[in-house]
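Q: Going down the list, the protein sequences come from chains A and B. When we follow my numbering, the leftmost residue of the first sequence carries the number 1, and every step to the right adds one. When we follow my numbering, the leftmost residue of the second sequence carries the number 1, and every step to the right adds one.
Keep in mind that the hints were calculated from the coordinates and are not lab data. Note that beta-carbon positions come from the ideal geometry of N, C-alpha and C, so glycine has one too. Hints should not be assumed to be uniformly reliable.
[What the hints assert, rightly or not] Chain A side only, calculated, beta carbon under 8 angstroms to chain B, not exhaustive:
id, residue
1, A33
2, Q35
3, L51
4, G100
5, F103
6, V111
7, R115
8, D151
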Amino acid sequence: MAMGVAIQRVETWGHANMRKPRFAPWRAEFRSAGQALLWLLGLLLIAGMYLAVNAKVARSGREVLILEEERAELQRENAQLTTALAEQTSVERMISRAVGLGFRPATPRDVQYIRVPGLDPKPDFVAPRPPSSRMGAGSGLLPAFRETLVDWFVNWLESGDGR
Amino acid sequence: MNHGRATRKRVGVVLVGMGLAASGLLYQLIRVQFGPYAPIFAAQTGSTLIVQKVAPTRGLVFDRGGELLATNATLYYVEVEVAQLTEQSQQAIASVLAELTGLPHADLQDQLNRDWIEEQGLYRIRLTKKLEQGRTFPITIDRMGAEVLQAFLDDPSAPDLSGLALVPTSERVYPSGKVAGHVLGFVNREGEGFFGVEGYYDDWLAGKPITVERGLIPPEARLQPDAPAGVNLVLTIDLEIQQMVESELEKAIERSGAEGGQVIVMDPRNGEILAMAAWPALDPNQYDEWLGDDGGDEPIITPAVGGQFEPGSTFKVLTMASALDMGAVAPEEEFIDTGEIEVGGHLIRNWNAEAWGPQSMIGCLQHSLNVCLAYVASEKLGAASFYSYLNEFGIGQPTGIDLASEVSGQLRTPRHPLWTEADLGTNAFGQGVSVTPVQLLTAIAAVANEGVMVQPHVVREVVGPQGVYWPKAAVLGRPISQQTARSLTRMLTESLEGESSSALLEGYQIAGKTGTAQVPTDFGYDPNKTVASFVGWGPVGEPRFIVLVRLDKPSISPWGSVVAAPVFRALAERLVVLLEIPPDAIREQFALGE
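Pulled out of the complex, with its shape left as it was, chain B reads as follows (with noise of 0.2 angstroms):
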C-alpha cells in the first residue's frame, strides 16, 4: 500500500514537471508566434498581414554633362506608438518636438494625450502641424533632426521619448536651385511630378510602387520583391550654358525694367534645347509660392510652352519665308511703302507710321514694315497659301516638346468663324496671332536648319534598369526649300548688318530678327506696353545656335532692337565659347585644311 502511494506520489510530480514544461512550451509558442504587438495590430486591422505599399526611388536628372539636377533625399514623418508612451514621455516628446519644429508645444500635446488616442482605439498616430484654413500636415524633419531625436533615443540619461519613431519617407532635392527651375518642374509632397519634365516623365520617373504583404503571426522570413524603380534622365541642357542665360536674363529684366522675361537656345540642327530660362525664377524646393489662387495675372511656369504672346515683327521671318518659298516674291523685289495699306477695311501703318518708300524685301526686313509684309500677304501670297504655310511651320499646333503643360497658341484661319481679311494683314507682321516661345523658336528654326523643322526636345538619355535609350530627333516637316531657307537667311543676315545691329558679334556671321509687339488687353491694344524680342542664330552657314530672348514690358524702351538684341549679343559671345565655336575666318582655315 505504502509502495503504491509513493509510486502515485512519483508519478504525480513526473507529471506536474511535464506539465510545467509543456505549459512553458506553449507559453514560448504563443511569445513566438504573436510577438508583443502582433495581437493589437491584428485586432485593429482584422488582419494577420502587414499590407505595405512600397514606392520605388524616383529617378534622378542630370544635364547633358552628368550635373545632377534632381535627386532624393529624406525626411522623417514623427509617430507615436501607444503602448510604449508614458505619462513623462509624453512630456518630453511634446518639448523636444516643440524646440526641435518651432511648433506650439500645447498643440503637440493635445495630439499625444493618451486618453483621447485610446478613445479613437489607435495603436500608432502620425503627429500633424496645423496649416492654413484649418488643414493638418504631418510634421516632417531632416536628417540632422532625426539624428538628434536618434541620439536622445539612445541615451538612457536623455529624456525619455518612449514610443516616438521616426518613419522616413522620400523628398525630391534639386541641388541647383533655381537653375533650370522651370525645365525641371517640381515633385509634391506626395510624390507627383508636376510641370516641366517632372510633368512629363512623371510615370517614368516615379516607377511602379506595389504592394507587398508580410505575415505577422508567425513573422515572415522571406525577402520581398522591390519595387521596380524609376528611370535617371539626361537632359540636353547644358547646366554651364543655362546657369550663363539666366545670369544674362537676370541683368537685363534689372536693366530693361522688364517685368518679366524668357531666353531660350536651341540647337537647329536637332532640336535639342540647350537651356530654357524664364524671371520670376523657379526655385522647385520651394515650389509652394508659385501655387496660389488661379486667376490674375500669376506668372506661369514654364512659360516657354505654357505662356503664349503676340509675337510681333519676328514673326515677319516666316510671312516673308513662305512667300519666297512660293515664288511670290524675291529678296531684292522693289515694293513702295507708303506708309500705310487697307487689308480688309483694316489700315495697317509702320511701326513709326511714316512711308518709307522704295524698299527691297530686304530693306522691308531690315526696317521691320508692317506696311511691307501685309502687302506680301495679301497682295502676293494670298490666305490660303499663307495659312498653309503657317500650318506647316506648326503655328497653332503644339510641338510635342517633352515639357508639361505645352499649349498650342492661336492662330484664326479662314475657316474660323470669327476670320476676317483683316486679320490676314495683321497676322502677316505677327499681330492677332498668339504663340508659345518655343512654338516661335521651333518655326525661325527651320529657316536656319535649310528649311528641315526639328522637334525640339529636352531629354537626351532615358536610363532604365534594362538598358539605355536614346530618343532619336523627330523632323516635324520641311515648311520651305533649302534654296528658300539659305535666301532668307542671307537676307536677314544683311538686314541685321544694315542696320548695324546691337546683336552682331564680332568675327561671327549672325542672322536674326527683332521684334516689339503690342500686348492685346480686353479693351484693345495697350499703347504703352510692348513684349520685345529677338530671335537669333549662328554662325549662318553651319549654325549651332538658334536664341529666342523675349523681355515683358520693358520700362526704359519698348523696342526689340534696343533692349532683345544687346542681350542676344551677350548670350552668344558667350556660346560661342561655351559650345566651342572658331570664328569664321578660322573655320574657313580649318574646312580648307591649313
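This is chain A alone, in the form it adopts within the complex (with noise of 0.2 angstroms):
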C-alpha cells in the first residue's frame, strides 16, 4: 500500500501540467483514523503509565496497612504475654505458692544480720521508656515523593538558587 501511493505521488508532480494533487476518499479517512490512533495510542501509554504508578502506590499503601496491623497485633500480644506474665507471679500467687510448699513469712527472730564490707545496695528499679513516637508521615522520603513542580520551584526560589 504504501508503494502504491509513492508511484501516484511521483505520477502527479512528475506531470508537465502542474495540477491540484488529488486523494481518493479512503486515504484522508486513513489519515483521519491514523492521527486518532496515534492519539489514542499516546492516551493508552500515559494512562498505561499512570495505572501502573497508582497499582503500585496502592500496593504499597496496603502493604502499608498490613504492617501496620501486624505491629499492633504483635504489641497486642506483648501486652497479653505481660499481664500474664504479671498474674502468674503477684505477690498474692507467690505467696500462696511459697504457704503451700511449708513456707512461712520470717519473724525478727529467723533474721541474722553481719556486716559486707564493700556490698552494694541493690540498684533501684528503672521502668522501661515507653516507645518514642515515630516520625510524621513523609519523613524520610525524597522531597521529589512529596512535593509538586510548584512546591519544588518555591523552594528552588526560597533557596536562592534561582537568582
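Using the supplied hints, reconstruct the complex from the two chains, each of which is provided in its own coordinate frame.
A: Written out as C-alpha cells, the structure is:
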C-alpha cells in the first residue's frame, strides 16, 4: 500500500502541467484514523503509566496498612503476655505457693545480720521507656515524592539557587 | 475500491482493539483509584479522607521493685459491614455471638436486621448490649473470644460469618487485683483515669491522642505518625509490704468487727508511701461496684486522702509538740489532774471521767488525759499560738500528695465565724477537728523526722520517651525544732513503755500514740461508736517507717490501745524484716564498727 501511494505521488507531481493533487476518499479517512490512533496510543501509554504508578502506590499503601496492623497485633500480643506473666507472678500467688511448699513469713528472730564490707545496695528499678513517637508522615521520603513541581519551584526560589 | 474497504475494515478492527484496551485500562484505573468500598464511604461521609483518632498506649505502672501494677490488655468491639452481610451470615452471627457472650439472640438479630440498617444509610454498625435504664454499651469480647471468631472466619466449613469484623480496643488491667487498688484508682471504658494515681497522673499516663488523615481515593502509601505514648510510672509502693499490710488489715477488721479501716506506711525521712491499704478493698478491675448513686454512707475510694475523720487522741502529739516547741511546758512539768476542766464554758472530762492526780507531761500522754491537753492548749499555749502551730503542721490544708481527690480536712480557727473558745479545748485532744489519715500521718512524721515535715508522695520515677525523671522529696516546713522533736519522741517512747503497750516490739524502740475518737453525727457524738487508731514509728533515732492504723467502729472494743495498737505491732514485726532493719543492739554494734 505504501508503494502505491509513492507511485501516485510521482505520477502527479511528475507531470508537465502541474495539477492540484487529488486524494482518494479512503486515503483521507486513513489519515484521520491514523491520527486518532496515534492520539489513542499516546493516551493509552500515559494512562498505562499512570495506572502502573497508581497500582504500585495502592499496593504499597495496602502493604503499609498490613504491616501496621501486624505491628499493632504483635504489640497487643506482647501486652497480653506481659499481663499474663504479671498475673502468674503476683505477690498473692507467690505467697500462696510458698505457703503451699511449707514456708512461712520470717519473724525478726529468724533473721541474722552480718556486716559485708563493700557490698553495694541493690540498684533501684528503672522502668522501661515507653516507645518514642514515630516520625511524622512523609519524613524519610525523598522530596521528589513529597512535593509538587510548584513546591519544588518555590523551594528553589527561596533557597536562593534561582537568583 | 475493494482496497479502500479492506483498509477501512482493518483500521476499524485496530480502533476497536485499542478502544477495548482503553476501556480495560479505564476500568482498572477506576478499580485501583476507588477500591470496592471507597465510593460508599465517600458518599456517606462526604469526604475522600479517612480521619482516625489514634489513642496512644496508656503508660504502665510498676511498684518500686518492678512488679507490674497496671497494664493494658486488648478487647474487641464487634462490628458488621453491611455490604457483606447475607441472610445466612445474619443468622449465624447472631447465633455465634449469643453463644459467646450470653446476650439474647433476639436482641442481636434485631440489630443485624439489614432492612433497618439500610434505612439508616449505614455501611458499618457496632453491635451493642442493653444496660440498665435503657442505656446501651458496645459489646466487647476478650482475646480468647476473638480467637474463636477469627477461627470461624478463616474456616470455610464453619458457619458463614461474612460481614463480621473485630475492632481492637485497649482495656486497663490490674494484675494484682485488689492489692493497692485504692492507691491506683481506675480507668473507665472511655480510657479516663479516676482516683488515686490513675486520676492524678491521667494526662501523663494517657499520652496525647492525635488525629491522622489517610487518603482513600487513591489509597495512600505513607507511614502515619504514632501518637506520643504515655509515661510509665514507678511508685514508692513496695508490693510485698502492701500485700502484707492489706492482709494484716483484713485480719484486724475480722478480729475487731470494725466496719472499715486504713493503714498507711510511710518513710518519714523522704515522704515515700511504702503501703497504703483500705478496707473495704477496691479491685480496680471491677470498679463498677463502687460507682453507686451519690449520697448515703458509701465507701470512699482512696480514703487515706479523701476520707476525713476526727482523730481523737493521736492529735495530742501535735498539741504537745506545739507546747514543747514554744517552751510553754517541759516534759517533766507537773499537772494536777482534777478530772475536769472548763474551757469557753464547755466542760471537758477524761476518757474515763476520772481524776488522775499529779501527772508529768509524759504521764499526760501515757494516760491520754483530755483535761491535761485542754489545759496545755488553753492555759499554756493560747489560741493564737495553738492554731499557728496547727497551721504549720498543715492541718486544714491538703498535703499535695500525688493522689487524686485529696480533701483538706476541717479546722475552725479563731477567724472562723463559728469558732468559740470551747473549740480550743476540744481541738487540743482531737475533737471538733477533721483530718485525713495522710494529713495526720504527715504532721506526726515531722516529729519522727527531727522536726522536718516532708510532702508525702507515691510516685518515685516518671519514665517518658525522652528520659527518666525522679521527683524530689519536697519539704513542707519545719513546724518544730529538732530538739522538740527528739524530746517528744522520747516522751512518746517512755509513755508506750510505761503502759506496756501492745504496740511495743522486742528489740526495737518504738514511739507512738493511740487514739480513740467518738464518731460525730447530726445529733452530737455517737456514744457507742468510735474510731480507734494508732500512729507510731521506729526504730527511734533512725526512723525508717511511720505507720497509721485506723479502724472504724470496732465492735469488740472501742479503744485504740486494744484494737489498733496490736495491729501496729504485727505490722512493725514484718516491716523490720522486709525493710532489713536490724534490732537496736545490732545497729549500735555496727555503728561502733564491731
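Q: Now, for every hint given, state plainly whether the structure supports it.
A: Status of the hints after comparison with the structure:
The interface hint given for A33/A holds, since its Cβ lies 4 angstroms from the closest Cβ of chain B, which is under the 8 angstroms cut-off. Nearest Cβ of chain B to the Cβ of Q35/A: about 11 angstroms, over the 8 angstroms cut. The hint is violated. Checking L51/A against chain B: minimum C-beta separation of about 5 angstroms stays under 8 angstroms; hint holds. For G100/A, the suggested interface contact is broken, since its CB lies about 16 angstroms from the closest CB of chain B, more than 8 angstroms.
Hint on F103/A is violated. Least Cβ distance to chain B is approximately 13 angstroms, over the 8 angstroms limit. Hint status for V111/A: holds, given a least beta-carbon distance of 6 angstroms to chain B, under 8 angstroms. Interface restraint check for R115/A: the shortest CB-CB distance to chain B comes to about 6 angstroms, inside 8 angstroms, so the restraint holds. Given the 8 angstroms rule on beta carbons, the hint for D151/A is violated: about 16 angstroms separates it from the nearest Cβ of chain B.
Checked against the numbered hints given earlier, the structure breaks hints 2, 4, 5 and 8 and satisfies all the rest.
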